[in-house]
Every structure is written in C-alpha cells, then in structure tokens.
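Going down the list, the sequences are from chains A and B. Per the numbering used here, the first sequence starts with residue 96, numbered consecutively. Per the numbering used here, the second sequence starts with residue 1158, numbered consecutively.
Hints listed in this document are in silico derivations from the structure and should not be mistaken for laboratory results. Owing to the predicted nature of the structure, the values given are computational and were not obtained by experimental measurement. Beta carbons are placed, not taken as given, at the ideal position from N, Cα and C, and that holds for glycine. Where hints are given, some of them may not hold.
Counterexamples of contact, computed for chain B against chain A with all Cβ distances above 10 Å [stated by the list, open to error]:
#1 Leu1165
#2 Leu1294
#3 Ile1296
#4 Trp1311
#5 Trp1319
#6 Phe1380
Here are the simulated lysine-lysine pairs, DSSO-like style, with alpha carbons at most 27 Å apart [what the hints assert, rightly or not]:
#7 B/Lys1452 x A/Lys341
#8 B/Lys1452 x A/Lys273
#9 A/Lys454 x A/Lys114
#10 B/Lys1372 x A/Lys417
#11 A/Lys333 x B/Lys1331
#12 B/Lys1459 x B/Lys1331
#13 B/Lys1459 x B/Lys1318
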Amino acid sequence: MPKENILFKFIRSLIEKIKIKKHEYIMATIEIVLSALIGFLVAGIVLYVMGYDPGEVFYIMFNYGFNDPEYLCGKAVPLIMTGLAFSIPALAGVFNIGGESQLYWGAFIGLITTYYVTQYTGIGTLGTIIGILAGILAGAAWALLIAVLRVYRGINEVITAIMLNWISYFMIIYLIIKFFTNPVIPHQSIEVPEKASLTPYPGFAIAIVGTLIVYYLLYYTDIGYKMRVSGLSPASAKYAGFDPSKAILSSMIIGGGSAGLGGSLLILAISHNIDTTMSTIYGLGFTGIGVGLLGRNHPIGIIFSALFFAGLLIGGQWVELKTGAPPMLSDAIMGIIVIALSAPYAYRLLMNYLSRLRKR
Amino acid sequence: MIEDIINLLSGTFTSMAPILLAATGEIITEKSGVVNIGLEGIFIISSFTAAVTALYTGDPYLGLLVGIIIGLLSGILHGFISVYLRGDQIIAGVGFNSFAYGISVLGMIALWGSYSNSPPVPKMPNIIIHITENSDLVIPPITITAIVIAVITWFFLEKTKWGLKLRACGEEPKAAEAMGVHVLRTRFLATVVGAGLTGLGGSYLVIGWLGSFIKTISAGRGFIALANVAFSNWNPLMAIVGAIIFGFFDAFSTYLPITLQKITGQQFTAEANLFMTIPYLATVLIVAIIMKKVKTPRALGKPYIKE
Chain A
96 MPKENILFKF IRSLIEKIKI KKHEYIMATI EIVLSALIGF LVAGIVLYVM
146 GYDPGEVFYI MFNYGFNDPE YLCGKAVPLI MTGLAFSIPA LAGVFNIGGE
196 SQLYWGAFIG LITTYYVTQY TGIGTLGTII GILAGILAGA AWALLIAVLR
246 VYRGINEVIT AIMLNWISYF MIIYLIIKFF TNPVIPHQSI EVPEKASLTP
296 YPGFAIAIVG TLIVYYLLYY TDIGYKMRVS GLSPASAKYA GFDPSKAILS
346 SMIIGGGSAG LGGSLLILAI SHNIDTTMST IYGLGFTGIG VGLLGRNHPI
396 GIIFSALFFA GLLIGGQWVE LKTGAPPMLS DAIMGIIVIA LSAPYAYRLL
446 MNYLSRLRKR
Chain B
1158 MIEDIINLLS GTFTSMAPIL LAATGEIITE KSGVVNIGLE GIFIISSFTA
1208 AVTALYTGDP YLGLLVGIII GLLSGILHGF ISVYLRGDQI IAGVGFNSFA
1258 YGISVLGMIA LWGSYSNSPP VPKMPNIIIH ITENSDLVIP PITITAIVIA
1308 VITWFFLEKT KWGLKLRACG EEPKAAEAMG VHVLRTRFLA TVVGAGLTGL
1358 GGSYLVIGWL GSFIKTISAG RGFIALANVA FSNWNPLMAI VGAIIFGFFD
1408 AFSTYLPITL QKITGQQFTA EANLFMTIPY LATVLIVAII MKKVKTPRAL
1458 GKPYIKE
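Could you put the whole structure together from the sequences, leaning on the hints where they help?
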C-alpha cells in the first residue's frame, strides 16, 4: 500500500496548501477575472464607437480562436517562452521587456544553424537539436547584455531593452536581405530544411518541458531560491549572504534563454522562415509581458495564459476576416488587461468595500 | 560643407523637440517620485489624436491642443493608478504603451483604411533663416518653446518653494508629509503635467514635423526621452544638452545614407536598415558611458502609503 499512501499524502498536502493560501488564491482569481473583464469591456466600447457590433466580434473571437487545437498550441509556443522571459527576471526584481529581441535572435540564429548543420551533416535531427541549443544561447547572450549594463553600469533595463529591440529589429532585416534571402521567394529568408523541421505538437511539447525545467529551477533549486529572495527583498538577500546582482544576471540568462528557445521553436515548428518585414516574429515579446503578468509570473500559470492570449490572437485574425475589424484589437485588449493588472491594491479596496457592505 | 552642417543642424533642431519635451515632463514626474514609462504610448496616442483633429478641422493649432489634452488625460490615468491605487508603475506604463499603440492603429485603419499612415494633415510653419544661396536653417517654433519650458522647469524645481516641496515628495515622502506637503496630490499633479508636456511632444511629431500619422511614428523615441532623463541626471538644463545629442544622432541617421549615396553614387537597400540603428546604438553607448555618476530620486517608483 505505500504507493497509495504517497498519493494520499500528496493530495492532503495540496489541500493543506490551498487551505492556508485560500484567501490569496481567491484574490488572485478575482484579479485575473476582473482584469480580463475590464479589458473586454473597454474593447467593446471602442468597437461600438468605431461602428462594429461588439457582441458579434467577441463571439467570433472566442468561437474561432479556440477551435483548432493544433494551431492554438503552435501559436502559444513562443508566447509561453516570452512569458517566461518576462516573469523569471521579474521574480528576481528585473524588468525584462527585451523578450522581443531575445526571441528575434533565437529565431534567427536557430534558423541559420539548423539550415547549415542539416546541409553539412545531412542529419535532420542533429540540425534541429543544435538549432534549438543555438537559439537558447543566442537569447541568453542578448539578455545577459541588458543584465550586465544594469548591474555594472546601473542603466535602467527598460531603456536598454527597448534600444536593443530596435537595433535587433533592423539588424535582422539587414542580415536576411543581405545574406540569407530565399532565392525563390525574395521577401523571405531561407527555409528550415524539411527533415529538420518539427510540427506544432512536438514544438508545444518541448515548450512544456522547458517550462517544467524552469519551474523546477525556480522552486526547487538553490539558484531559484536566491533569485526569488533577491526579487522580494534585495536587502534580505544581502543579509543572508548572497549577492542580488548575481541573481539578476542568472535570472536574465534563464529568461533570455527561454525567449531564445521560443524563437527557435517558432522557426522550427511553426513558421519555418522569417519574412523581411518581420511580421512572423514581431510583437511576440511584448505579448509575452501580458502573458507573464496574467499568469502571475508562475510557470504553470503562464502555460494557461499563453493559450488564452494565443486564442485571442487567432480570434483577432478571424475577426478581421469576417468583419473587417483590424487585428490590433488584441493589442488594445492586452494593454488594458495589463493596466488593470498593475493595481492589485484596487481589488483589495473593492473587496474590503464589498465585505463592509455585506456586514452592514 | 557649410550646407551639410546647416542641414544637420536643422535636422537636430527638428528631432530634439519631442525628446526634450518628454524628458522635461518626465523629470517633473520622477522628481515627485513617480516613474512613467508610458511616454512612448503618450507620443503615439497624442500624435494620432492631433492628426485626426488637424485633418478634420484644418487647424494645426487645434490639433496641438487636443494632443496636449490627451497627454493630460493619460497622465490622469497613470497618476490615479500609481498614486491612489498604489499600482506597479512600470507595469501600468508597459500596459499603456501597448494599449495606445493598439487603439491608435485601430483608429487609423478604421478612419482611413490604411495600415501604414494617415493622409497628410495641415502643419505648423517653421522659422526659416537664409544662410547661403541654397541652404536654409530650419527651426521649428516648438523647439524654442521646449527649450523655454525646460529652463522654466529648472527654475521651478531648483529655485522655488514649490519645486522644493515637489522634490521632497520624491526623496523623503514621509518628511514631506510631516512638513505639510500633500504628497499624494503633488505626485498626481506632477504626473499629469509631465504627461501633458509629453502630449505636446507627441502632437508635434505630426503637426510640426512629419505632417501625417504613421504606424511607427514614435519608434522608441519615448524611451530615448527616458534615457535623456537619466543622462541629464534629472536636471532640465542638462536635458537640453541631451536632447541636442540624441536629436543629432536621429538627424545623422537620415543624413548619412543620403550623403553617402551622393558621394558613392550607389543606391542602398539592405544597408538602409543598418543606418536606422544609429540613434538606438548611440543612446545605449552614451547612457552606458555616463550613467555611473547619476543620482536617482530616492523614493522613485515606490508608492507612498499615507498612515
């Protein structure tokens, strides 16, 4: 009977945990649900003002956004990884809004390494594996640059990140047009070779494994513990004898590596090339910020919020097809959700007010 | 040679205005203890509304005014969230940037059916000084306004009683409160005023400079303005110098390819993208060199909780 005992124990500890943190979980749920509702409410008003029928738009958004599981999972892959790219550094107290360009480099380096390794060795699997690893390294290195400038030069990571995003944006367009154009289709880069490419489901599976590794790193290892303590209170971290700037560096490496993995998976499993207007890879890092926040900076939460945002993005495309309402609607909704998530104190005020009403 | 210098100077005068206005506004906001990284979003949304107003009324000055009002409204939103709801100021700013971009591009497509730009709108006239036969020095009046505002802001912050009270809110809010300063109200007003100045900078992008709204109108300028705040060490007078430097690199990135094409006679295609990186590279390098010596307001970004 030992197996059952373990299971029983596990469930009991889980119930215990929920009991202790009941209030916290309820507050979190209220915050998430209310923020999303505010987002859709404001978007509905905007749509109405612009002359569209909000009911119809949201019906299409949710009906079509979530009905193709393979497409949904594929769309969620880069969002999970850029969500992590935001959240891991956020736990350590750094604001990584450079997930955008970390994903670019992961995608670009992943693409060319896979292409050349497959071409020279002729082994597709080898190309895939080396491509993924190269993508992770590229993203991590690019993020490390932000962290180094923050730690050793005291530069606000937000400024560096945005500057690096724009630099990368133009650099990659330059590199693709100059050296890596597809000879057949001139507005696209070279393609990932057929035998090295993946389909969306394996890509999704790798993203999930990556997320679980991050989860383990954050909550079950020494590095993760130090990162979380430094994020909550740099002073306590120093008092406990570890250096908060090391936590910043390691969190940015792991975060950037995640974004890089997202980029290489996007190329290998979903788009298979980069177009010269960057529309295949643009904006995923920024959406990742919303994903991370809505997932409450928790790896498991991020998987679900990435699926939610992926559905919104797909739904947005369908809305455009069916009603002509522009797909930027999902940007606007995401922005409002993020703004609404920024003030948890507001919800506490609301709850206090409601409970006072009930007592009266 | 002289023409090149005059062209570059004109370009610098043209592109420094939004960076200076937003940086001055942000200095006021940050000195009171609130950080607003939504400058980029304010640029986008106020340039869009300024374009709409100027186009449909035919009056550029009305466009300018509406842009400022939209800036003030954004400041009210950010101030309310950061000061009274004790929200995370960085997250609110990031959210606002995304919202402003989404809503402006949405509006652009809905109004004009274009995915890239608005129709041309009436512009404000520039001050033009003839230097030689075929080169004029162009100075937008808003640039002069921006410099005047920066000087007034410096005087206000450093030399007046009100400036001292505002700075106290950003350094030691508890002490300020004990002194009888309304910390929350001061911070709120500073945020609104700062956003209003950024709104002026945003509407200038359309009314004073480009003459139409384009999707990438801001292109990171809001963040270059933030870099300028750090560069200036929160001193509006230094922000003028910073705006000249950052504005110069902006002008240089368009001037360089044109001149190189003239000299070498070859047309750039892929390389054009490399020239576009100049302002951003320059910003990172300048801030990296200068940054070690600055002094941030001590209570910056921390919500003040009144007991």
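Verification of the hints:
1. Leu1165: For leucine 1165 of chain B, whose nearest Cβ neighbour in chain A is about 21 Å away, the distance exceeds 10 Å, so it holds.
2. Leu1294: Given that every Cβ of chain A is farther than 10 Å from that of leucine 1294 of chain B, nearest at about 29 Å, it holds.
3. Ile1296: holds (28 Å)
4. Trp1311: Nearest chain A Cβ is 22 Å from tryptophan 1311 of chain B, so the label holds.
5. Trp1319: Nearest chain A Cβ is 27 Å from tryptophan 1319 of chain B, so the label holds.
6. Phe1380: violated (4 Å)
7. B/Lys1452 x A/Lys341: holds (23 Å)
8. B/Lys1452 x A/Lys273: Violated, at about 43 Å.
9. A/Lys454 x A/Lys114: holds (23 Å)
10. B/Lys1372 x A/Lys417: Between lysine 1372 of chain B and lysine 417 of chain A the Cα gap is close to 24 Å, so the pair holds against 27 Å.
11. A/Lys333 x B/Lys1331: The given pair, whose Cα atoms are some 26 Å apart, holds under the 27 Å limit.
12. B/Lys1459 x B/Lys1331: Roughly 12 Å between the alpha carbons, so the hint for lysine 1459 of chain B and lysine 1331 of chain B holds.
13. B/Lys1459 x B/Lys1318: holds (23 Å)
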